[in-house]
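In order, the protein sequences belong to chains A and B. Residue numbers for the first sequence follow the working numbering, beginning at 1 and rising by one. Residue numbers for the second sequence follow the working numbering, beginning at 1001 and rising by one.
Honestly, I wouldn't trust all of these hints.
Unchecked claim - With the C-beta cut set under 8 Å, the calculated list includes, among others, these residues of chain A facing chain B:
hint, residue
1, GLY83
2, SER91
3, GLU131
4, LEU177
5, ILE195
Unchecked claim - To list a few chain A residues with every Cβ distance to chain B over 12 Å, as calculated:
hint, residue
6, SER41
7, PHE50
8, VAL56
9, PHE79
10, ASN133
11, PRO144
Since the hints were derived computationally from the structure, they do not count as laboratory data. No experiment lies behind these values; they were computed from the predicted model shown. Note that beta-carbon positions come from the ideal geometry of N, C-alpha and C, so glycine has one too.
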Amino acid sequence: MSTETEIPPADAKPEVATPPPKPAAKKPEETPVELPAFEKSISDKIVEKFGDKVEVGFVKEDRVRINVGRENVHEVAEFIRDGLNYDHVESVSGVDYPQDNEIEVVYHIGSYTDSSLARQILVLATRAQRETNPIPGNDATRLPTLRDIFYSVEFHEREVFEMFGVFFEGHPDNRRLLLPEDWADLPPLRKDFAIKGR
Amino acid sequence: MTFTLPPGLALQKVDERIMTLNVGPQHPGSGHMRIIVQIDGDYIVACDPDPGYVHRGEEKMAEYRNYITNIPHLERPVIHDSCNVLYPYVLGAEELLGIEVPERAKYVRVIASELNRCIYIMYWLAIYGIFLGHSTMFMWPAGDRELLIDLMEKMTGARVTHAHFVPGGVRNDLPPNFEDVCLRQVNYFEKRIKEYAAVFYDNPILIARTRDTGVLSRQDAIRYGTTGSVLRASGVDYDLRIKEPYDVYDELDVHTNVMNEGDSYARSRIPWLDMMESCNIIRQALQKMPKSGSVRTKLKPNPKGKGLDSVYKRVESGRGSLGCYIVSDGKTEPYRVKLSVPSFRNLIALPNLLKGEKLGNMPSVYWSLNYWPVEADR
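Given the sequences, and given the hints that come with them, work out the whole structure.
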């Protein structure tokens, strides 16, 4: 992960909660290539509305990635639904970054009602603080839920909660879904949970 | 009256009349999952699906294996639909590793994917028949499915779990004379499934049991983020083979089937219509496919991603849109693989559909969601 040397800009302003080294690594390669116009217009609308609260991760064909801090993710998602006509979340993935001490939660948002967006997936990424000794639900690994904006995230967020220990504040039903009720180990998709024998 | 909840249950005892009932995980009407229902007499007042009995940690395993050795285990979630469940992973790996796919391989993939869709739907239909006590509808699809399984065996060497798609194309070229055999069998298959109308889909008993049960409105189908046959049975015309064509679907003439009722009957009829559409697609693909040429781009040993990158690819599987999110960190293994599976996405509709329904209608509503427990659990 840390073979690239783009980490210094993230350290330069620690008060902003979006320091992923990933977009910084991608930006220089992408700029000489002409960005797809329609996708660019989507990311421009979000940047125009939120300014430097958001960061454009990448603009590729049919895919736009927006990185946002955890304190702004709720209002950005609300704008994505009301202002940009996206209507459902296809997938919520957690990605563990122990070297950044953060857990990233990635929402893949699509639209059924707006036919111009049928091909598009908007990738909304935010990051939660990571605990070395997690007590899921009772530590600082927290994010605001998007369930009141996109009803479809309900089970997806429950899955991220049990697999990564990210507690979604305001979620009506923060219970385990797939794991057994007596699971008493680390959340299993964190990188420090090792498979035996590997 | 105090009532202590077993761990993991959200349902509350509210009334002496209400009884809590566990359906599954050993019940033939639930598959490998438990549906906790609360009933008042014969009516369901609340429902809490409890999946996870076949969770095998596919996503975790994928972080320990390289891009090629991930192939056999990532198709395990749906062994009947193994080409489609692997498809988005292979498309994503090709983009991450920068591999071009030969034209002939793309057609072979489309044929394999459509054959697999039919094999999956036939299995699903057989179970739907037996759920409703219709033994003929169990025997017929289970038997006719063999035709296509034989075709897949000819093509890939395995009856299920083919592991046929690899980054860069498909594992092997088609056997000699495959096109003729495939065309003949697909034509017969299409004729055969049309006969299901008389025995099943026009059967007044089926219609009485599924019409107007578990009605999912168009707004709710969109709000819940459902996909595939569930979504199209509620009047939303969304099929990734048309909306976001992958491989050679943009060169083929693909139609989708949409119904507006949103009830269990519509949800059970759409997959059947999909199979006929699959037959059309297979015939077109056989005709347009280049008659010779490579089917696989040679890979370097242990291919690596190009550094920090992520990709989200999706395909239309037998159950709906199936997405795969791969994060690469430039190593030979993917950093994270996430499967966004249609069964898991459709599951959220179940508690809402069962509320107010009769308990006897539970199997027909549940299985009409085109739900595959193993896929939802991964």
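request  = Against the earlier hints, flag every one the structure doesn't satisfy and list their numbers going up.
outcome  = 1, 3
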